[in-house]
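Chemist: Please build the complex by placing chains B and C on the supplied structure of chain A, with the hints as guidance.
Chains as they are written, first to last, in our numbering: chain A, 1 to 329; chain B, 1 to 299; chain C, 1 to 270.
Take the hints with a grain of salt, since some may be wrong.
Said to hold, decoys possible - Every beta carbon over 10 Å from chain A, so not counted as near; a handful from chain C, in silico: (1) 34; (2) 51; (3) 61; (4) 92; (5) 125; (6) 171; (7) 183; (8) 219.
What the hints assert, rightly or not - Per label pair, the in silico range of CB-to-CB distance: (9) A:300 x B:24: 49 to 57 Å; (10) C:74 x B:266: 56 to 64 Å; (11) C:144 x A:63: 17 to 25 Å; (12) A:300 x C:231: 27 to 35 Å; (13) C:38 x B:160: 43 to 51 Å; (14) B:209 x A:84: 41 to 49 Å; (15) C:74 x A:148: 51 to 59 Å; (16) C:79 x A:93: 54 to 62 Å; (17) A:3 x B:58: 56 to 64 Å; (18) A:300 x C:183: 40 to 48 Å.
It is worth saying that the hints were derived from the structure and are not from the lab.
Note that this is a predicted model, so its numbers are computed, not measured.
Where a beta carbon is used, it is the ideal one built from N, C-alpha and C, also for glycine.
Next come the chains, spelled out residue by residue.
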Amino acid sequence: MSTVEGSVHRTAQRTAQRTEQRIAGSDVALEFDHVSHWYGDVVAVNDISCTVGAGITGLLGPNGAGKSTLLQLAAGLLTPSNGTVRVYGGAPTSGPNVYRRVALVPEREALPGMMSARDFIHTRAVMLGVRDVRTAVDRALSAVELDTVADRKVGGFSKGMRQRAKLAAALVHEPSLVLLDEPFNGLDPRQRLHMMRLLEERAANGTAVLLSSHILEEIEGVASRILVMLSGRLAASGDYRTLRRQMTDQPHTVRVRSSDDRMLAATLMHVPSVLSVELATSGIVVRTTDYAAFARVIAPAARLADVTLYEVEATDESLEHVFAYLVAR
Amino acid sequence: MTTPGSYPTPPRGDVTTIHDLGYRRYEGARVGQAGAWRALYGQGLRTMFGLGRPMKAKALPVLLALATLLPALALLAASAASQGGLPIRYAIILQPQLILFVLFTAAQAPELFSRDQQHRVLPLLLTREITRTSYATARLAALMTALFFVVLAPLLLLYIGEVGVAADPAAVFEKMGTRIGPVLAQATITAIALGSIGAALTIWTSRRAYATASVIGFFLTTAAIAVGIDNLLGVSQRVVELVAPVRTLSMLAFLLFGETTRGMELDPPGSIWLYIGALLAVSTAACAVLVARVRRLVP
Amino acid sequence: MGANGAGKSTLVKVLLGLVEPTSGSASLMGHDVVRDRGAIRALVGYMPEHDCLPPDMSAAEFVTWMARCSGLPAAAARDRSAEVLRHVGLFEERYRPMGGYSTGMAQRVKLAQALVHDPRLLILDEPTNGLDPAGRDEMLALIQRTGSEFGMSVLVSSHLLGELERICDGFVLIDNGRLVRAERLGALTGETGTLVIEVDGDATAFAESLSAHGLLAQHERTRVLVQLPDGSDDAATRATYDAVRDAAIRDGTGLLRLERRRGHLEDLFQ
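Next up, chain A with everything else stripped away, as it sits in the complex (with noise of 0.2 Å):
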């Protein structure tokens, strides 16, 4: 290292070391408190109050919805017009030992083009205070596949290597709070996989992960939490299957095939939860109000009309139907 970048890398390290024992004592990787934030007229985000723990967790909604301002926010580069911010108990802007815990890969492209991968992460690693960098941008560099271009100019690199990029400078000080905003953008199903696949490892062990987009079937694979946004509003968080089920004012719709739909038919019409049942071309499909009950008595009830089920399935349980459903309300 240069001289100027030695001093920056001790200081930080210096600033670490004594922050680190004056760490804020929640546990609670991000936490949003009636948070409102506006530009001009626009209200970008509404009222906001939730959390983010470990884990990966989905911040979802069509586009304008905020996400990138709550993002934004939670890595302290906005300071919210209303309400509290907490990472970890403290202030996002608090310092030194809130950055060195959190990291941000944002959407639009942030890599100055004239660096390579290497001297890019290498520098992010100095300012963070990391302690050995050498071996933690080659470690970032690998987990992310970019080891063997890491020399090259970042400006030359195609749209899946800038993200990877992106990734990689953002893990390099093993951050326990993730946020990324739309990252999967551009990348083919390859990259899309692998780079989810580094991140249900992080998430594995104790990393908060919050990331966007507004590509459903992204998600849908990798979030174990969604939160869903509708034009600056929180309208709904948690497990989306879940979130289904409470949709009780919605009847689920199931399609059933067996070796005698119409006995099954009739006999399904006897179970109280049952709405309607209605043949199709090929089975039946039926309406409830109470999914679990359905799901218990499907059974039984086959068994009782005397026909082999071949096929059950919740046609509208789907993370791009529970969306459609919000955004319906």
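Modeler: Chains B and C alone, transformed into the frame defined by chain A:
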């Protein structure tokens, strides 16, 4: 007044139908590459004068075009005041106006050659009835047509004015009838030269600012070189005139309209065909560059 | 489908005639892409991935111009343009300059200009790029209609496998400039011989219960997988299904999902 429970019925013979608004195939005529070329040419020509676009796009070309008319009007007014005594000299008027024609080219050529690259419309055009060559020619034709009218306007104004302000219009018209030839020739050759050079320069970049600068830079530099070598010993005046296209066009005007300056009397210019030949040679080279570049463009 | 840099866009460019192949040949609807370029132009519509709309033109103006560039006479171009813009769902907005359009509107215009000259083959590159879930749904529905109702062949390039599974009948997978697979979707996503069961309760216990009754069962996270007997022995297959049903009744477990495992496009990328 209808009684409750009844329903107004349509007149007998009225047919009730639901019209099919579904997607329909297009079975009509297709005019192929010729029609496509015309569409590109027409859209290009309209862009040259900012037609169909907001005021901002119209401002510059219209201002420039008007600016070229002012000297002509001034001269006509002066000539009228002197009752046709003050001679109307086309080439003298044209000389400073050439700068304005260059500015028009610099401002508008990028609209035809850089904008499509900037907005990445080329893949949409080249997958239609437009080959790379026809794209180049259609755009070039639009630029040349626009320039033709821009150059023609002041000259034509002078021509008409000359007839109008004369004491005896009929006699003047008799004498002057032949002037329309040079007017058209000057306009045509200027349009060809400036158009092809402008096209060849602006096709290289998608940034309109760079394109404009390159056109101005080219004409300024050549003019500066001409001035620079003007008084060098051993350098023929012909070379000075041919090295800068603006100068060549100016000399051509003098020769076409049969006018001279003091300098030309001291050092007579070459044959008119020398200047025409030089200009056409440069234009041909520029066109070749244009077509080659368009062929190589990666959309 | 294919990884970034696998050669998808180059292949598309060759088909569209924007780039000449170094070797080999290709034909669209019987016409060679290099020698018979003229015949192909009117038959192909292209919707690029990148932004390609001049911001100061209106959609109506732009699509009409595109129609004329495809060889439609001026009046017919205007009519077709209006029709097609209606089909893609652009109404009063079509008269405003496109610079102010949202992504959804811009994508619709891109599709409209690809359709305006009534092509037989549509090539769409990442058609749902930048669209939110609702816009995505609408675009996919529109694309499905062009394939079925409008009677065109459609080639869609995309990274979003879920969408492709929804609307496509076949797929082509490219990697490193080479063809990996090209076949009907059904061949891949057809049913396999494994039964997938999701229960409202303890998956492990249910799997054990099934194994205890002679079924080949294992559990994978929250799901239980049961091997169906080989071949076309219907009786044995029915017996397996019935055993599952009866086990659920015996254990009082809720059956959330019961279906044969299908392949997914995603499997090609694992």
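Chemist: Next, verify each hint and record whether it holds.
Modeler: Hints versus structure:
1. 34: 28 Å, holds
2. 51: 14 Å, holds
3. 61: Nearest chain A Cβ is 26 Å from residue 61 of chain C, so the label holds.
4. 92: Residue 92 of chain C clear of chain A: closest Cβ-Cβ about 21 Å, beyond 10 Å.
5. 125: 13 Å, holds
6. 171: 12 Å, holds
7. 183: 18 Å, holds
8. 219: Non-interface label stands for residue 219 of chain C: nearest chain A Cβ at 17 Å, farther than 10 Å.
9. A:300 x B:24: 49 to 57 Å: 54 Å, holds
10. C:74 x B:266: 56 to 64 Å: 57 Å, holds
11. C:144 x A:63: 17 to 25 Å: 23 Å, holds
12. A:300 x C:231: 27 to 35 Å: Distance hint for residue 300 of chain A, residue 231 of chain C holds at roughly 30 Å.
13. C:38 x B:160: 43 to 51 Å: 47 Å, holds
14. B:209 x A:84: 41 to 49 Å: 47 Å, holds
15. C:74 x A:148: 51 to 59 Å: Holds, at about 56 Å.
16. C:79 x A:93: 54 to 62 Å: 59 Å, holds
17. A:3 x B:58: 56 to 64 Å: The hinted range 56 to 64 Å holds for residue 3 of chain A and residue 58 of chain B, with Cβ atoms some 60 Å apart.
18. A:300 x C:183: 40 to 48 Å: 42 Å Cβ-Cβ, so the 40 to 48 Å window holds.
Checked against the numbered hints given earlier, the structure satisfies every one of them.
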